[in-house]
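Peer 1: Now for the letters of each chain:
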Amino acid sequence: MATTGSDQNKAPGSTGGAVGINANENIRQPLWLLAELTYACPLQCPYCSNPMDFADIKKELTTAEWVEVFKQARAMGATQLGLSGGEPLTRPDILELIQEARNLGFYTNLITSGIGLDATKAKAFKEAGLDHIQVSFQASSEDLNNLIAGTDAFQHKIEMAKAVKAAGYPMVLCFVTHRQNIDQIDEILDLAISLDADYVELATTQYYGWAMHNRDQLMPLKEQLERAEATAHRYQEEQKGNMKIYYVVPDYYEERPKACMNGWGNVFLTVTPDGTALPCHAARELPGMELPNVRDLSIRDIWEGSNDFNRFRGFDWMKEPCRSCDEKEKDFGGCRCQAYMLTGDPAMADPVCTKSPDRHLIDEAIQRGRDEAEKTPQEAKPLVFRNPKNSKEISGL
Amino acid sequence: MTERVFNVDSVPVLALGYRFQWEPAQDCYVLLYPEGMVKLNPAAGEILKRVSEKKQTVGELIAELKAAFNGADLDDDVYQFLEEAHGNDWIRPE
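Residue numbers (numbering that gives the first Met the number 0), protein chains in the order written: chain Y, 0 to 396; chain H, 0 to 93.
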């Protein structure tokens, strides 16, 4: 289950202070390995961050190849492993991968829609050493949830959230919010409370992959966000010491960009189902990427030596206004993928920044969302769901 | 002053979902939790190592640390750390 949520900014190291510098000057070690095990998924979420042409990507890494990736990343110092996708539970070797990861000492996170999970599996995964299961929800009400996910999944997710807790994991729920469900934040949080959740992440849709394609239909309105933020803060106060609620303002409504991935090639490493190594899960779509593959090169060679990972490391690649900006060490100029998608040049400042000459592109996108919201249901553009048929049509495969 | 959570008879345990381990690449003890990591200084590492290894009271924990560190007077430091760690949701009294 690949969400386009704000959790991508929350890599380890952010809480841990300075991270050791390894042999090569200025290159840190990868701390976070996101293993996108497969693009197969029973859901069709229109805000998915998977690439639009996922249907064209076939040859998945084998069990042995994944284990080798885990070993190499772990040897370089990675501590967090995200098992994601697609839906990772569609991999028949998921139990074995969990076992291997845990034996290597990873803190192992399963990021799932809950589809394909049952109480027996949750328990078996626990015994294999899985540390954490994050169950994603699309909304709080059954109808909307099923509409957004394009399938009848809601009741099962509730059962799985309970099974996760019963098996001894912390219950971590992730709700991806957007214009069509953000007004239900109080219902979402009430649901989380009734489930006795430990952590709730209200992850704002970020516009990559399918979400970018559906941006006009997903963009929340300013007044919606103000209500949502007030609600989230009220619940945060009420639930102090009980349930942790993470709420992040979507970057389009901020004045400074997010510190995307905590900096390019800094702590975060994604490996896609076919073995492509990426500095973030959206970077495949950037122009000029060489897309090194773990089948051909070691993780160390890719991390330290590849053009892709060095391309936006440090500050030398920056243009103005980033280059002379006194905040560049805080936000690294924002997101390279967002800069590219909006301005056509991945080395520009993230247009979210009000210092960027391209900020108007963000404001116009927000306005297009409002225009779209004001249309009648008959006039409004339909959401395009993430499925192989749409993938092939849109990518011209 | 907030109320103290731990006294000599309380048994501190790691909070649900937290894991403690030695990280060779970081050359320190760390606490791992869903999607995050805290690097621990040596003193914090010695305390949490004992919290994670076996269930014991704060009194027993302090006695063990004193034995390991030449009878150093560390009661106040241990209590202070435990309260901080609880404030960060790393540990809870059993």
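Simulated from the structure, these hints should not be mistaken for lab results. Incorrect hints may have been included.
[What the hints assert, rightly or not] Which residues of chain Y face chain H? A partial, calculated answer using Cβ under 7 Å:
#	residue
1	Gly76
2	Thr78
3	Asn102
4	Tyr106
5	Pro169
[What the hints assert, rightly or not] Lysine to any residue pairs mimicking SDA-like chemistry, simulated, CA-CA at most 20 Å apart:
#	chain 1	residue 1	chain 2	residue 2
6	Y	Lys243	H	Lys48
7	Y	Lys125	H	His85
8	Y	Lys239	H	Glu93
9	Y	Lys243	H	His85
10	Y	Lys239	H	Gln55
11	Y	Lys243	H	Asn87
12	Y	Lys239	H	Asn40
13	Y	Lys125	H	Asn87
14	Y	Lys122	H	Val4
15	Y	Lys125	H	Val12
16	Y	Lys243	H	Arg18
Beta carbons: idealized from backbone N, C-alpha and C, even for Gly.
Peer 1: Give me the numbers of the hints this structure contradicts, sorted from smallest to largest.
Peer 2: 3, 6, 7, 10, 12, 13, 14
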